[in-house]
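Engineer: Order-wise, the sequence lines are chains A and B.
Going by this note's numbering, the first sequence opens with residue 1, and the numbers climb by one from there.
Going by this note's numbering, the second sequence opens with residue 169, and the numbers climb by one from there.
Mixed in with the good hints, there may be bad ones.
Said to hold, decoys possible - Where chain A lies over chain B, by a calculated footprint (3+ residues, C-beta under 8 Å): (1) 216-222; (2) 232-244.
Said to hold, decoys possible - Which chain B residues stay away from chain A? Per the calculated CB distances, all over 12 Å, these: (3) G188; (4) T204; (5) Y249; (6) A306; (7) A314; (8) I317; (9) M319; (10) I320.
If you're looking for bench data, these hints aren't it; they were derived computationally from the structure.
Cβ atoms here follow ideal geometry from the backbone N, Cα and C, with glycine treated the same way.
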Amino acid sequence: MKKLEVSLNILHYCIYRAHYNLHLLANKINPFNLIHELPFQKRRYEKLGIDIHKEINKAFSDKNNGLSIMVAGGVLFAVLFFLLFAITKILMSAINNGTVLSAGYFIGFGLLSLIVCYLFVFKNDKYLAYFKDFESWTKNESRKYGWISFAFIVAVFLMFFASLSWHR
Amino acid sequence: MGGLYGAAGRLVLNGDQWLGKNGKYYSTDWGGNGYTGSRAGALEAAGMYKWAGRATVAASVVIGGLQVYGGYQQDGGQFGYHAQTAAAGATGGIIGGWAGAEGGAATGAAIGVWFGGVGALPGAVIGGFIGGYFGSQAGTAIGSGAVIIIMIISK
Numbered sequence: 001m002k003k004l005e006v007s008l009n010i011l012h013y014c015i016y017r018a019h020y021n022l023h024l025l026a027n028k029i030n031p032f033n034l035i036h037e038l039p040f041q042k043r044r045y046e047k048l049g050i051d052i053h054k055e056i057n058k059a060f061s062d063k064n065n066g067l068s069i070m071v072a073g074g075v076l077f078a079v080l081f082f083l084l085f086a087i088t089k090i091l092m093s094a095i096n097n098g099t100v101l102s103a104g105y106f107i108g109f110g111l112l113s114l115i116v117c118y119l120f121v122f123k124n125d126k127y128l129a130y131f132k133d134f135e136s137w138t139k140n141e142s143r144k145y146g147w148i149s150f151a152f153i154v155a156v157f158l159m160f161f162a163s164l165s166w167h168r
Numbered sequence: 169m170g171g172l173y174g175a176a177g178r179l180v181l182n183g184d185q186w187l188g189k190n191g192k193y194y195s196t197d198w199g200g201n202g203y204t205g206s207r208a209g210a211l212e213a214a215g216m217y218k219w220a221g222r223a224t225v226a227a228s229v230v231i232g233g234l235q236v237y238g239g240y241q242q243d244g245g246q247f248g249y250h251a252q253t254a255a256a257g258a259t260g261g262i263i264g265g266w267a268g269a270e271g272g273a274a275t276g277a278a279i280g281v282w283f284g285g286v287g288a289l290p291g292a293v294i295g296g297f298i299g300g301y302f303g304s305q306a307g308t309a310i311g312s313g314a315v316i317i318i319m320i321i322s323k
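Isolated chain B (complex conformation):
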């Protein structure tokens, strides 16, 4: 999810260019007009996306950690089944989300160049989102599943 916001921020403000309401990029030296919208508005939107991206990344890590703490409480003050499953799930989710976003961004950028306008970047946005989301879900499932399997085998 964080990848989506970051990429969206880059869409609005791409290097020395900002995205107008008409879907075209303009130099940051120019302030905009009624047709393109204002440069200040684009800068503000990019800043909001950056904050949303930071918040999503922070929430993913913090929630993962708090789930470990919750699992630890559920296990009666032991690092038992619930805590281990939560820890492995959180770790798997972070790694899976990162790997999924990397794969998704590469794929999305490749698809995006076939569509008009800015091309590669919107593709990376969509690809990064889909890849990051499914990567995170798969990573969580794999991490938690691995603990369950290890526990079954070790019994």
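The shape of chain A in the complex, shown without the other chains:
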């Protein structure tokens, strides 16, 4: 159980980091950021004493209520949902060829994913303690777990698509 908890928190952390890094990358090519270069906008930011880019970045990076942590939670749930979907579909196809999963199954997958996410990651913001640990990762560790998480997510979605056409 502890291994499952750590694995889920690693996945959650890596999704959070990937989303935030994607936002930082988007900052470099986001044409809407040119608005902040307009002279009257710049004067306004100076008057308010704010760095608008830092303000927007903060809205994404905040580990308690930021956009990236919220996206990470949603994606973690979706990954578990599709993992359950694919495993069930493959197993049922192996037993009874041509099985069609109904709404009842989807509700079941949703509930199970929610319970797992809640107990191991979301409950009392348990993930925050894990984040503290993960932030001390070396660059190599960070890269390793990032790639493992990415490969896992890709594998789940490939499994989902493969399960659609899975017949005995």
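Please build the complex by placing chain B on the supplied structure of chain A, with the hints as guidance.
Structural biologist: For chain B alone, kept in the frame of chain A given last:
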């Protein structure tokens, strides 16, 4: 939509500060009073927004995937027109929603600084919402439309 809830959560609880009922920010070291409302209430509201945001993101991805599954059934167990359109629409919707929210948040923050109070954040809330919504709609239409056009051309 997820962006809206996340940004709203940040509005209620911004770093080490929480938003009082009177529209002003206070340190999380202080518990609040009858005029400002309680810190615990603000923390609770921020938590609810976080859950709503997670739910919206999760629902977007899951519904997209289930539409692919529905399309696959409609195509008689083939990855045909309906499944391809649903897959492209779902992918386009996710990418469009993300890009729209990025653009909307930047624009909204720039507009928000011209209004009193907290300024940039409410602007980012509204901008992120509008951008994310229209970006998602446009992405879905572009994704689905691309499949239809490719199919027409290839016939």
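Engineer: Which hints from the list above does the structure break, by number from lowest to highest?
Structural biologist: Of the numbered hints, all hold.
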